[in-house]
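Listed in order, the protein sequences are those of chains L and U.
9 is the number of the first residue of the first sequence in my numbering; add one for each residue after it.
408 is the number of the first residue of the second sequence in my numbering; add one for each residue after it.
No lab work stands behind these hints, which were simulated from the structure alone.
Careful: at least some of the hints might be erroneous.
[What the hints assert, rightly or not] If the Cβ cut is set under 7 Å, some of the chain L residues that face chain U in the computed set are: (1) Ala193; (2) Val194; (3) Gln196; (4) Leu199; (5) Ala207; (6) Gly212; (7) Ile213; (8) Ser266; (9) Gly270; (10) Gln271; (11) Gly275.
[Unchecked claim] Heads up, simulated BS3-like pairs for lysine-lysine below, C-alpha to C-alpha not over 30 Å straight-line: (12) Lys124/L to Lys424/U; (13) Lys540/U to Lys191/L; (14) Lys642/U to Lys479/U.
We put the CB at the ideal spot given by N, CA and C, even for glycine.
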Amino acid sequence: MPAQSSKIRNLLRRFGLILSFLLLALALTLLSDRFLTSANIINVLRQSTINGIIAIGMTYVILTAGIDLSVGAILALSAVMTANLLQGGTAVPLAIIIGLGVGAGLGLINGLIITKANVPPFVATLGMMTIARGLALTYTGGRPITGLPDSFRTIGTGVVGGVPVPIILAGAAFIIGAVLLTKTAVGQYILAIGNNPVAARYAGIAVHRYTTFVYVLAGALSALAGMILIARLDSAQPTAGLAYEFDAIAAVVVGGTSFAGGQGGLGGTLVGVLIIAVLNNGLNLLNVSSFYQPVVTGVVIAVALLLHRALR
Amino acid sequence: MSHPTERPPIVEMRGIKKHFGAVQALRGIDLALQNNEVLGLMGDNAAGKSTLMKVLSGAYIPDGGGIFIEGKEVHFTSPMNARNQGIEMVYQDYALSNNLDVAANVFMGREAVRWKLGPFGVLDNAHMELETKNLINRLKIRLPSVRQKVERLSGGQRQAVAIARATAFDAKVIIMDEPTAALSVAAIDKVIELIQELKAQGASIIIISHRLEDIYRVADRMIVLRHGRKVCDTKVEGELHDFRERVVAYMIGARDDFADETAVSQGSGGSR
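Make the full structure from the sequences, and use the hints.
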C-alpha cells in the first residue's frame, strides 16, 4: 500500500534518528554490563558537552547553507587568552567575558568576510582556522598554560545537584538555541536564508546581518566550549580543539541537518552528538582498538547521510 | 482622466536609469500609476520591465531619476524600505521560503511577536495563522492549510501565497512580475480573478506580463518598453485582436510614441 509505506516513511523520518540511538544504546547494554550505569552515562554526557556546544553553533551555520571550519582554532585562541588573563590575575567573570568576546569577535570577522567581501564560507573560515591557530601558537610560544584558579575550574569540574556543571551549561545552551531557532523571528530568518537567500532579501530580511550573526554565535559557543575544556584539564593548550570542527559537522550531519541549508534543527543535532559520543564510549568499553574507532564513526556518518537522503 | 486638481499619482517614477556594467537596462523611464488603477507593463525579453519594477520594489538602486509616492520623493535602499512605504512586489519565481509554512511566508519580515527580548521577538504563531486564514478567505484563495509548507503546494497555490503576502499589510501598490507565466490554464484564471478581486477591493496594481490576453482582461492602461525606453503609454481598449496587433507593433519597434523625446534627450548628453 503506497499510503501505508508513506506513513512508515514519515514515522521513520520523524523518529528514525532517536530509534537508531535507542537501538545503539540497547546493543551496548547487552554487550557490556558497564554501559548502562549512572557513572558511565554521566561520563558520556560530560564527554559530549564540548562537541555539543560547538555543534549548536555549527547547526546554525549549516542551516544558512554555510560551514565553519574555524571553530576548533577559535576555541584554542580564546582558551589560551582566557587562561593567560586568569594567570595574570584578571577577575574570573571578566576573563570569561573577554574570552567569549574574542570568540564572538573572530566569528564576526568570519561573518563580515563572508557577507561583505562575498568570500565562500568554506574559504573564509579555512583562512580563519589557520590564522587563529597560528595566533594561539604564537601567543603561547607553543607551550601550554597550566594552573588556573579554582573558582574558574568550577565550570569544568563543578557539580550542582548531582549534575556536572558542563552538562548544565550545554543543556542550557541547547534549550536557548532551540527556542531561538524555532520560536523567534530570527530563527525563521535563518531558515529562510538557508532555503533561498534571494527570496529572503526580497521579503525584506537583512540577509547579511543574520548570516553574520550565525558566525558570531558559532565563535562565541566555541569559546564557551574552550573554557569548559581548559577548566576541566586545568591547562590551556594552543593545540586544543584540533579537528573539533569535524566532530561538530559530523554530529550536525548525523542529526539530519542538510548541507543545502534551511532543513534541520537542534533536536537532531543533540541526538547526533549523543550517537557519536555513545559510539565512542561503547567502542572503548568493548576494547575496540582506538585505530578502528574513527573508521566506525565514519561508517556511521556515511550510513546516516544515506538514510536521510533515502527518507527525504 | 488626469486633471490638475486631482491628487498626485499613487506612484510616479521619473527618468529612471539603471545600467549593469556596459549594459544600459533603463534609459530614463517615466511611469505613473493612479489610485485603484491596474497598469500593464509589457515588452520583449530584456526590454527592462523587471528591472524597472525591481527599482520600484527596492531590490535595485537606480543610477538616476526619482520615485515619488503620493507626490513625495522616496529613496529605497532595500526591499524592506519599499515595503515599509507600501510597495509590495510579487516576484516572478514567487520568492517564497519553501521550507516554511504559508503563515510564516505571508508574515516574513513582518512577524507578529508576543514579546521581545532585545532583537529576539517570540513569534505569535496563533495570531499569524488566524490573520493568514482571514486573508486567504478575503482573497477567496483555497489552500489546504496555512500550516502547510510551501514546498508541498502547487504552482498556482504558491503564486496565491505570494500575492497574499503582498496584500497582507495594506499595500499602496502591488507589483506582479509575470504572475501567470508558470501556471496552468485553470490556475491562470484563478490568478486573474484574484487580481480583479484586489482591484475591486481598491488596490493599485502594476502587472508585468508577456501574455497579452491577461493584460487585456485586467489592465486599465498599458505601458510598452523596448530596449530600456518607454515606447507606448495608452488606455487598454478596443477589440482583443486590434489590441494585440497594436502592442506587437510597439514591442517589435514598428511604432514608437516617444521617439522625438528620446532624440532630444539623447542629443543633450545621452550615453551614446
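Verification of the supplied hints:
1. Ala193: holds (4 Å)
2. Val194: holds (6 Å)
3. Gln196: Holds. Min distance 6 Å.
4. Leu199: Hint holds; Leu199/L Cβ to chain U Cβ min 6 Å, cut 7 Å.
5. Ala207: Nearest chain U Cβ about 4 Å off; hint holds.
6. Gly212: Given a least distance of 3 Å, the restraint on Gly212/L holds.
7. Ile213: holds (6 Å)
8. Ser266: violated (9 Å)
9. Gly270: Result: holds, 4 Å to nearest chain U Cβ.
10. Gln271: holds (6 Å)
11. Gly275: For Gly275/L, the interface hint is violated, since the closest Cβ of chain U sits about 16 Å away, which is over 7 Å.
12. Lys124/L to Lys424/U: holds (26 Å)
13. Lys540/U to Lys191/L: Between Lys540/U and Lys191/L the Cα gap is close to 20 Å, so the pair holds against 30 Å.
14. Lys642/U to Lys479/U: holds (26 Å)
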